[in-house]
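Asker: Generate the whole structure from the sequences, applying the supplied hints.
Residue numbers (this note's numbering), protein chains in the order written: chain E, 450 to 765; chain G, 258 to 926.
No lab work stands behind these hints, which were simulated from the structure alone. By construction, the Cβ of each residue, glycine as well, lies at the ideal position given by its N, Cα and C atoms. Be aware that a few hints might be false.
Label pairs and their in silico Cβ distance ranges [unchecked claim]: (1) L453(E) <-> V746(G): 30 to 36 Å; (2) L461(E) <-> Q312(G): 46 to 52 Å; (3) L762(E) <-> L884(G): 20 to 26 Å.
Selected chain G positions facing chain E (Cβ under 7 Å, derived; list incomplete) [as the list claims (entries may be wrong)]: (4) A699; (5) I820; (6) M837.
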Amino acid sequence: MSLLPAIAVQVLQSLLVVLAAPLVMGWVNICRAWLQNRSAPSIWLPYYTLAKLFHKDAVIANTTSPLFRITPYVLFGCMWLAAGIVPVLATDLPFAPAADIIALVGVFAMARVFSALAAMDTGTSFGGLGARREMMVGFLAEPAMLMALFTAAFISGSTQLPTIVETLAHREFAIHPSLAFAAVAFLMVLLSENARIPVDNPTTHLELTMIHEAMILEYSARHLALVEWAVAIKLVAYMTIGFALFLPWGIAPAGDWSALPLALAALCAKLALAGAGLAFLETLLAKMRIFLVAEFLSTAFLLGVLGMLILFLMRG
Amino acid sequence: MDSPPSLLPVALAAASAWLAIGVAGLLPAGAAFARRALFPAGAAVGLALAALGAQSAWLPASTLVLPLGLPDLPFHLRLDPLAGFFLLLLGAVAAGVSAYSVGYFRAETGARVRLICLQYHVFLASMAFVILADDAYLFMVAWETMALASYFLVTTDHQRPAIRSAGFLYLLVAHVGALAVLLCFGVMHSGGGDYTFDALRAAELSPFWASATFLLAFFGFGAKAGLIPLHAWLPEAHPAAPSPVSALMSGVMIKTAIYGMVRVSFDLLGAVRWEWGMLVLAIGAGTTLFGVLFALMQHDLKRLLAYHSVENIGIILLGLGLSMVYFGFGHPQAGMLGLIAALYHTLNHAVFKGLLFLGAGSILRATGLRDLNAMGGLIRTMPATAFYFLVGALAISALPPLNGFVSEWLTFQAALQAPLLEHGVVRSLVPLFAATLALAGALTAMCFVKVFGVAFLGRPRRAPQAGPTADASLPERLGLAWLTAGCFVLGLFPAAMLLMLNRVGQSLTGSALSMEALESNWLWLVPTAPAQASYSPVIFLLVVLAIVLIAVRTVRLFYHGRIRVADPWDCGFPEQTTRMQDTADAFGQPIRHVFGPLYLMKRHLPGPDDPNPRYSIKVEDRHWYWLYLPVARLTEYLSSKVGLLQRGRISIYLLYSFLTLIGLLVFVR
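Answerer: And the structure:
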C-alpha cells in the first residue's frame, strides 16, 4: 500500500491549488483587460494585493461578535478542503473517500452560511442585504449543482469524484448527451457561485448592486486577505470540478506517478483556457437585474434535471 | 435458559416510573419539589430508557402479557429492535428536555408546575406505551392518552383564547387521525381472531384491502405527523405550548406517527407495494417544499420551527417512500438504505429540533420575545444559548459534519440507487425527489441564516426591556448541551448507528445492507460499496480543524496583529438606526418574489403622505381557504340541519321513538 506517496501527492496538490489560485485570478484579470482594450495589470497583482492586505491594521466594526473574526478562517479552511477533495492532478487521493460530491456541495454550503452570518453580524443594512441575496443565489445554485453532479454520478454509478473521473476518462469512450446539459448547468452555477458577471460583478463598488462584495464590506486587512484568497481558491476549485466532470482527460490515474508531469501540463492548459473563457464571457455579458438571477438559476436547475432525465430515457 | 434476559420488564418499569413521577407531582409537597426532584428523576428514567432501547436493538424480540385492561382483553407488550430504536429516541430527547425543564419552569407558580409535571410525565409514559404496545387495543389507549396529555399541555395557558382555539384544532386533527388509525386496525383484523399484532401480522389481506389499510394508516398517522394538507395544527399548537413541551411534541410525538407508519406497513402488512412508495414520495416531496417555504415566511420563531417540523417529516417520508419503492420492486439492499435513511433522519430531527425549540424557549424565557423582528444581538447577552442554537441551526441546515447532513446524505444515496429500478417512469421520477430534497436543504440553510442572523447577530432591533437579559440557567444549559452533544455524536460516528439501524431493518424485513457496507469500520460510512460512496465525518472534521489552525498560526506568525475597533461603515449617512437592519420578513422577500403564486399575501402599503408609515405583509396558507374552512362550514351546515331535530319537548322525542319503532317493525319483520 503506497499510502505515503499518495499523501504527499494529496498535500502537494492542495498546496498547489491554494498557492496558484491568486495566479488564476490574475490571469482572468489580464485576459479581461486585453479583451476590453485596456492595458493589463501584472499577473502577480493578486499576490501584491494579498501582501498589502496582510500588512495593514485590521479595522473591526464595534457591532460585531467573535463569529465575524472566525469566519475568514472558516471560509479559507472550507475552500482548502474542497480543493483537497477534487482530483486536480491525480485520482489517487487518500483523503477523497472521506467526502464525496454531496459532501463537497455541503462544504460550499457551509462556507456560504458562515459568510452570510458574518455579514449579518455587522448589523448594517448592507450586510443583511448581501446575506439575503447571497442565500437567494445559494438556494437556487446548490440544487442545480447537485443535479449536474448527480448526472455524472448516475453515469459512473458512484458519488466519489475519483471514481467518476476514472469512469469518464479512462475506461470507455461514450458520448453522453446528458453531460452536455449538465455542463451548461454547471457553467451557470460556476458563474453565480463565484460572484461573476452576469450574476454579480466582482469589481463593483456600487453598494446597491452588490451581492458578494456587500457581505464582505466590513472586512479589512488580514481578514479581507483571507476572504479574497478563499474566493480565488473557490474559483479554481469550481474550475477543477468542471474539468473532472466534463474534461477529465490528462488527470493521472491511480498509482501512475509518471503521468503527473503530463497532468500538471494539462491542468495549466485547461486553467489558462478556462480563465480566458471566463474573461470572454464576462466581457460579452452584462450584469442582470437581481431577480433575473432567479430565472437564470432556475434555468440551470431545470437543465440539470433534464440532463438527468435524458440519461434515464436514453438508457430506458 | 440460554436466551439473554429480556429487557422488556425493565422498559415497562421505566414507563411506569414516569407515570409514578407524574402522580407524585400531585403530592402537596410544593412546586420546588416537583421541579427540583421530579423532573431530574424523569430525566434519569429517560436516560435509562435510552440505554435499554439501544441495547434491545441487538436482542431478539421479547413479549409480555399484562393482566390489565378489559376482561379477556389483556394488554400485550413487545420489545423488538424497532421499538428499541424508538425508545432510544424517546429516552434520549426526554432526558435533555426534562433536565432543561428544571430551569425553564422556575418562574411558574406551584399549582401550575405540579399540574404540568403530571401531564408532562403522563405524556412521556404514553409515548413509551405506544412504542411498546403489541395489540391494537393498548396501542389505541396509549395513542389517545398521548393526544389528550399533549392537548392539556398545549393549553397550559388556557386563559388566552388564541391558545384555546389552537388546542381545539390540535385535538380535532388528532381525533380525525385516531379514527383513521382505528379503522386501519379494523380492516386488518377483518372480523377474525383477536387484536394482537401477531394476529394482525398473520391476517391474509387481498391487495385491495392491504392498500386500503395502508391508506388509512398513512392518513391517520399522517395527521399526527403533520403531512400536508393535515399540517395546519402544527404551526398553531407548537407556539402555544410551553417550549419544553413543543420540543417533545415536535421532537418525539410526531415521530411516534413515523413509528406507526413503519410498524403498520413494514411489519404488520409485510409485503409493501411500490405504488404506496410513490404516494409517500409525492406527498413527502410536497410536504418538504411546503414546510420550508412557509417557514421562510414566518417571523414568530416557534411557528417557524413548527413549519420546519413539517418539512423534516417530509424528508423522512422521502426516505420511507424510496424504501417502499425499492422493496416493492424487489431490491432489498436499496430498500434498506432508504429505510435506514428515514429512521436516521427521524432520530436526527428529534435531536436538533428538540435543541432548537429549547433554544427558542431560552430566548422566550430571557426576553419574553418570540417575534424575530424584535430581536437582534442576543449573542452578546446570551452567548451560551447562541452557541447551542448555532449548532442546531447548522445541523438542521444539513451541513457537514453535523448529524442532519448524514441522514440527508443517506437519503441522496438511496435516491441514487434509482438505476436499479426496471420501471422506466418510476426510475425517471425518483431522481426528481432527490432534486426536491436538494432544493429543500438549500432553502433550510437560508431560513436558519435568517433565524440566527436576525435573532442573535447584529444589533437589538428594539430597546431592551428593563433589566439585563440573562443567559440560560444551568439546568437549561445542561439540557441544551446534552442535545448539542447528540448532534455531534450522531454526525461524527454514523457507522455505529448504521449497524444498529441495519439490525432494526433486518428484524422488520429480513434483508440487510451489503456485506461491504457492514464490514467498514467505525470511521467510514459506506452505504453500498466503498467505490460507490463513502463519507468519513471524523477525518473531515479533523482536516478542517487542522487547516483552520494552520491558517490561524501562519497568520499569527507573519502578521503584526494590530486591530482597531470602529463604527461600521455608514455609507456616508450618519443617521443609521438599528431598524435599518434586515428583518425576518425582509430576509424572506426573495422567496416571496420567486415563489409568489404559492402564497396568499395581503400587503398593506402606506400612502405617500402618511405621517406614520407602516408597511405590513401577511402571508397565509391557502389550505385554510380550500380545505379547512369549507369543511368547517359544511360541518356547521350539517349540524344546524341535524339540530332541527332537537326541539326540546318530550312529546317530540317520544314521537321520534315511536316512528323509529314503526320503521323497525316495517323493515325487520
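Asker: For every hint, state whether the structure bears it out.
Answerer: Here is how each hint holds up against the structure:
In this structure the hint that L453(E) and V746(G) lie 30 to 36 Å apart at CB holds, the actual value being about 32 Å. With their beta carbons about 48 Å apart, L461(E) and Q312(G) fall inside the hinted range of 46 to 52 Å. Range check, L762(E) to L884(G): Cβ separation about 36 Å, and the 20 to 26 Å hint is violated. Taken as an interface hint, A699(G) checks out: its beta carbon lies about 4 Å from the nearest beta carbon of chain E, inside 7 Å.
The beta carbon of I820(G) comes within 5 Å of a beta carbon in chain E, closer than 7 Å, and the hint placing it at the interface holds. Proximity of M837(G) to chain E holds as hinted, the smallest CB-CB distance being about 4 Å (cut-off 7 Å).
Checked against the numbered hints above, the structure violates only hint 3.
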